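Undergrad: Construct the complete structure from the given sequences, taking the supplied hints into account.
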Amino acid sequence: MSDFTLQDPVSVANFIIDYAKKRKKPVSNLQLQKIMYFIQGAFLNKYDSPLINGTFSRWQYGPVIKEVYAIFRENGPSPIENISMTVNFENNGFEIEKGPKTTSESLGNSSVYSYLKEITLELLDVSPWELVKISHEQEIWSSYKDEIVKHSAPDYENKEIKKACKDNVSLWHKQ
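Residues 1 to 175 in full-length UniProt numbering are what the sequence shown spells out, letter by letter.
For the record, the hints were derived by calculation from the structure and aren't laboratory data.
Because the structure is a prediction, the values reported are computed rather than measured.
A few of these clues could be false.
[Said to hold, decoys possible] Straight-line Cα separation of at most 27 Å, DSS-like style, residue types lysine-lysine; simulated pairs: (1) K163 / K21; (2) K101 / K117; (3) K66 / K150.
[Stated by the list, open to error] Ranges between beta-carbon positions, derived for each pair: (4) L124 / L6: 21 to 27 Å; (5) L121 / G93: 35 to 41 Å; (6) K166 / I96: 39 to 45 Å; (7) N45 / E67: 19 to 25 Å; (8) D3 / E139: 19 to 25 Å.
All C-beta atoms, glycine included, are put in the ideal place defined by N, C-alpha and C.
TA: Written as structure tokens, this is what we have:
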């Protein structure tokens, strides 16, 4: 089992957006979704445990976490400029602040956080459409094409993601 804390999907998305922006490699919603998917696959294969406490749906352009998609969809195909915001209502007023972001502290393990940064950086170097292509080549997507078109495909299961991503380790471990 893992020795890190499971992360909220929005926290992981905010981490990726912030990390990418700091490296001058901004991401689109499409790319964000695929990076999250392959990060999940990387963690399932390395730690036998998911990083993200969320469900990936089978969509036309590959795996998507609906909650994250909904937050960033207004960006369309453009790069996401800012992490999500939250609104806190207190004392007859409200405060808008930056949303949660995965950190070494939230994970509870600095070496796991280093691994997350390492694989994120590798995945940022892969074009969004290449990530889509790779996810489409996986049987866990391609065998559901008819259901995907009808919006009736079942969500991915972590055991499927782990098995499917085992063949894609080269995406996040460059030789």
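Undergrad: Could you run down the list of hints and mark each one as holding or not?
TA: We went through each hint and held it up to the structure:
| no. | hint | in the structure |
| --- | --- | --- |
| 1 | K163 / K21 | 31 Å, violated |
| 2 | K101 / K117 | 13 Å, holds |
| 3 | K66 / K150 | 17 Å, holds |
| 4 | L124 / L6: 21 to 27 Å | 23 Å, holds |
| 5 | L121 / G93: 35 to 41 Å | 40 Å, holds |
| 6 | K166 / I96: 39 to 45 Å | 42 Å, holds |
| 7 | N45 / E67: 19 to 25 Å | 24 Å, holds |
| 8 | D3 / E139: 19 to 25 Å | 31 Å, violated |
The structure fails to meet hints 1 and 8 from the earlier list, while all remaining hints are met.
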